[in-house]
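Peer 1: If you want the building blocks of each chain, they are given just below.
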Amino acid sequence: NAGVTQTPKFQVLKTGQSMTLQCAQDMNHNSMYWYRQDPGMGLRLIYYSASEGTTDKGEVPNGYNVSRLNKREFSLRLESAAPSQTSVYFCASTQFTLHSGANVLTFGAGSRLTVL
Amino acid sequence: DAKTTQPTSMDCAEGRAANLPCNHSTISGNEYVYWYRQIHSQGPQYIIHGLKNNETNEMASLIITEDRKSSTLILPHATLRDTAVYYCIVFRAGGTSYGKLTFGQGTILTVHP
Chain X
1 NAGVTQTPKF QVLKTGQSMT LQCAQDMNHN SMYWYRQDPG MGLRLIYYSA
51 SEGTTDKGEV PNGYNVSRLN KREFSLRLES AAPSQTSVYF CASTQFTLHS
101 GANVLTFGAG SRLTVL
Chain C
1 DAKTTQPTSM DCAEGRAANL PCNHSTISGN EYVYWYRQIH SQGPQYIIHG
51 LKNNETNEMA SLIITEDRKS STLILPHATL RDTAVYYCIV FRAGGTSYGK
101 LTFGQGTILT VHP
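Just so you know, the sequences run in chain order X and C.
Be aware that the first sequence starts at 1, since it is given in our numbering, and climbs by one per residue.
Be aware that the second sequence starts at 1, since it is given in our numbering, and climbs by one per residue.
These are computed hints drawn from the structure, not numbers from a lab.
Ideal placement from N, C-alpha and C gives every residue a C-beta, glycine not left out.
One or more hints might be untrue.
As the list claims (entries may be wrong) - With the Cβ distance kept under 8 Å, some of the chain X side facing chain C (calculated, not the full set):
| # | residue |
| --- | --- |
| 1 | P8 |
| 2 | F10 |
| 3 | A24 |
| 4 | M27 |
| 5 | L45 |
| 6 | Y48 |
| 7 | P61 |
| 8 | V88 |
| 9 | T94 |
| 10 | A102 |
| 11 | V104 |
| 12 | L105 |
Unchecked claim - Only pairs whose alpha carbons sit at most 20 Å apart, straight line, appear in this in silico SDA-like list of lysine to any residue:
| # | chain 1 | residue 1 | chain 2 | residue 2 |
| --- | --- | --- | --- | --- |
| 13 | C | K100 | X | S75 |
| 14 | C | K52 | C | S9 |
| 15 | C | K69 | C | N23 |
| 16 | X | K71 | X | A24 |
| 17 | X | K9 | C | E31 |
| 18 | C | K3 | X | A102 |
| 19 | C | K100 | X | K9 |
| 20 | C | K100 | X | L45 |
| 21 | C | K52 | C | T65 |
| 22 | C | K3 | X | V104 |
| 23 | X | K9 | C | I39 |
| 24 | X | K71 | C | K100 |
| 25 | C | K3 | C | Q42 |
| 26 | C | K100 | X | D56 |
| 27 | C | K3 | X | G58 |
| 28 | X | K57 | C | T102 |
Just chain X, with the same shape it has in the complex (with noise of 0.2 Å):
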């Protein structure tokens, strides 16, 4: 059982550049979202899918897109980086219902981006 995976484990891009960052989950999970967490700091919601076919922003969402491809994958993408998305980005998803007594967040491993 995987969990959450995510692609890649480290990229190194240069300003201006694109990329999207992979996630998969197999848990069939209906929640999905992107953290990032920057150095000595707490994890930031940048974008968060309630379910298959909802996006929404979170806390630090400029900069990017997502798009929840089917159930299983939500993808993060950088249409230009900069500098300031230097950062270590997490994937993480849940069995998120109206009505739960709580939510526990499986994280994936994480992908570490440079931008020079």
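Based on the hints, put chain C in the right spot on chain X.
Peer 2: What follows is chain C alone, placed relative to chain X:
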């Protein structure tokens, strides 16, 4: 969601219990207390959660005060592999929360031999 306050760092001797405190004085009645940890820049790992009763699982125990304004995560026999950043998160599950957790700075726990 209610804010939390945690110490920046703590130390613990290997084999001893690690007690990590968290203050959440503005917690609402329908908000849960969650604990996650992050080992050396890996993805955060869920530990335990609770609403008002104390909880225990194979990893840890969670003690929530009767007024719910603070809680303590207990790792009963800390090992070197428990060295990590521990995040206390207060979160209202369900409704329109859509599972969005807010992570603070957490507590850096260092377990010494």
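Peer 1: Taking the hints in turn, state whether each one holds.
Peer 2: Verification of the supplied hints:
no.: 1; hint: P8; verdict: violated, 15 Å
no.: 2; hint: F10; verdict: violated, 12 Å
no.: 3; hint: A24; verdict: violated, 14 Å
no.: 4; hint: M27; verdict: violated, 13 Å
no.: 5; hint: L45; verdict: holds, 6 Å
no.: 6; hint: Y48; verdict: holds, 6 Å
no.: 7; hint: P61; verdict: violated, 13 Å
no.: 8; hint: V88; verdict: holds, 6 Å
no.: 9; hint: T94; verdict: holds, 5 Å
no.: 10; hint: A102; verdict: holds, 5 Å
no.: 11; hint: V104; verdict: holds, 5 Å
no.: 12; hint: L105; verdict: holds, 6 Å
no.: 13; hint: C:K100 - X:S75; verdict: holds, 17 Å
no.: 14; hint: C:K52 - C:S9; verdict: violated, 26 Å
no.: 15; hint: C:K69 - C:N23; verdict: holds, 6 Å
no.: 16; hint: X:K71 - X:A24; verdict: holds, 9 Å
no.: 17; hint: X:K9 - C:E31; verdict: violated, 34 Å
no.: 18; hint: C:K3 - X:A102; verdict: holds, 18 Å
no.: 19; hint: C:K100 - X:K9; verdict: violated, 24 Å
no.: 20; hint: C:K100 - X:L45; verdict: holds, 8 Å
no.: 21; hint: C:K52 - C:T65; verdict: holds, 8 Å
no.: 22; hint: C:K3 - X:V104; verdict: holds, 19 Å
no.: 23; hint: X:K9 - C:I39; verdict: holds, 17 Å
no.: 24; hint: X:K71 - C:K100; verdict: holds, 18 Å
no.: 25; hint: C:K3 - C:Q42; verdict: violated, 24 Å
no.: 26; hint: C:K100 - X:D56; verdict: holds, 11 Å
no.: 27; hint: C:K3 - X:G58; verdict: holds, 17 Å
no.: 28; hint: X:K57 - C:T102; verdict: holds, 14 Å
Figure legend: structure checked against the earlier numbered hints; hints not met, in rising order: 1, 2, 3, 4, 7, 14, 17, 19, 25.
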